[in-house]
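Produce the entire structure from the sequences given, and follow the hints as far as they go.
Here is what each chain is made of, one letter per residue.
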Amino acid sequence: MKILKDLMYTKTHEWIKMTGDKKAKIGLTDFAQDSLGSLVFVNLPEVGDEVSKDDSFGDVESVKAVSDVFSPVNGKVSAINEELLDSPEKINESAYDAWLIEVEDIEENKDLLTPEQYEKVCNEEA
Amino acid sequence: MIRSLKYIISKNTVPYYNLALEEYLLFSTEPDEMVFYLWQNKNTVVIGRNQNPYRECKISDIKKDGSHIVRRLSGGGAVYHDSGNLNFTFLVRHENNDVNKQLSVILKALQLLGINAQASGRNDITVDGKKFSGNAFYRSKDYCYHHGTLLIDVDIENLSKYLNVSASKLKSKGVSSVKSRVANLKDYKKDLTIETVKDALLSAVSEVYDLAPQRILDEELDKNKIRELENKFSSNYFIYPNKFNYQIEMQERFPWGEIQLLFNLKDNIIESVRAYSDALDEQFILYIPEVMKDCLFSETSLIDAIDKIPLKNELSHQIATDIKELIIKNLNES
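Line by line, the protein sequences give chains A and B. Quick note: the first sequence, position 113, residue 113 per the working numbering, numbers continuous. So the number in the working numbering is just where the residue sits in the second sequence, counting from 1, plus 126.
Hints in this document: simulated from the structure, not taken from any laboratory. Certain hints may be false.
[Said to hold, decoys possible] Quick partial rundown of chain B residues pointing at chain A, CB under 7 Å, derived from the structure: (1) R175; (2) N176; (3) G201; (4) N249; (5) Y264; (6) R265; (7) K267; (8) V301.
We put the beta carbon where it would ideally sit given N, CA and C, even for glycine.
Below is the structure:
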């Protein structure tokens, strides 16, 4: 299980990487992709959609199983990773490169987990 | 650890209500509890969370017959439910989700009824290699459900009547359905009824978890909340989301050239069509979007639309015939 040191995390297994002032990319963690298994579909919001902290903004589907994906922050979708729509397996191959959405106008980003805190969450669930 | 086992049997056969109740129960599940839910839908095509209804089912036939179409929260393919089908759902918190144990409840219930069934992977339960139960899963935060169908006494002929099972010609984004060899449980035990299967399931779940199941009473349910969810499940935006617009495609190469039709549908009505072709009869191709606008997306209405295009020579006759065949082929591949 890979946990990168330069990212922040959520209890629901998303990672968030600040890419600018009030701007961040969000993806699913390596732990998440591993427990979900081979992904067959990714359901993403549209550019311009609002996302709210702890609310679902999309979902991923592995064989017969759907899991909701949650936003770690409040903000607005400024880009989606369209490549994943045709190749969801990229998340399995490299979870930390396969970002799902980019969010701008982030209001605040408190309550995020550090890599150490997130590792604990994973160990408890494993 | 599951310390409390509850159950509920829906008296309603309206699919939107039953899926609303399922979602409501999911987010009401307590940390150390399992809710076991049994339900039946009348004449309903249930599609997977990420399926394109235009591609998966014959929407106009469903509407014509007064049958229903509903989208579930879990993954996988389209299935047809009627009153010979019983659905079960195990609702738990993630830490208590144990798919194998849950599947063993179904196997145990069948054993009690004298049927020897096997779990086939994570998703199917079979008897003699034939599938009678398909299973699917949904997780949101800590809340999980595992649900499945049980074919008890369904009209097997009807199972695929509304489904475009092998409609590979209708290319679009989304998850595809797969056709399986299926069987009714009644074929293995003649006196089986929905009621005896329900009783066996309740005995089995109690035995496997070693807990006495407590019935959830009607008055414990938040009716307003369920109604709100029912509105979601029955809404067009949930069943036919816009993202599937322009994702129905028909394409073919003919002696006169290649044609590609892209349909933008809303609630099974054609909002617009884009037609691309290298045919010499440009005018014919230009007519297509015009005549198809606002038509129902069905074989007859598309063919009627093509028949409205003036045919000025041999070539346009041939193009019309070929396009009509393309439509028939695409809407009937099952």
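Tested hints:
Evaluation of the B:R175 hint against chain A yields a held restraint, the C-beta minimum of about 5 Å falling below 7 Å. At about 5 Å, the closest approach between the beta carbon of B:N176 and any beta carbon in chain A falls short of 7 Å, and the interface hint on this residue holds. Because the smallest distance between the Cβ of B:G201 and any Cβ of chain A comes to about 4 Å, under 7 Å, the interface hint for this residue holds. Interface hint status for B:N249: upheld, as the beta-carbon distance to the closest one in chain A is roughly 5 Å, under 7 Å.
Among the interface hints, the one on B:Y264 holds; its C-beta lies about 5 Å from the nearest C-beta in chain A, closer than the 7 Å criterion. Look at B:R265: its Cβ gets to within about 4 Å of chain A, closer than 7 Å, so that hint holds up. Because the closest C-beta pair between B:K267 and chain A is about 6 Å apart, less than 7 Å, the hint holds. Satisfaction of the interface hint for B:V301 is found here, the shortest Cβ-Cβ separation to chain A being roughly 5 Å, below the 7 Å cut-off.
Violated hints for the displayed structure: none, as all numbered hints are satisfied.
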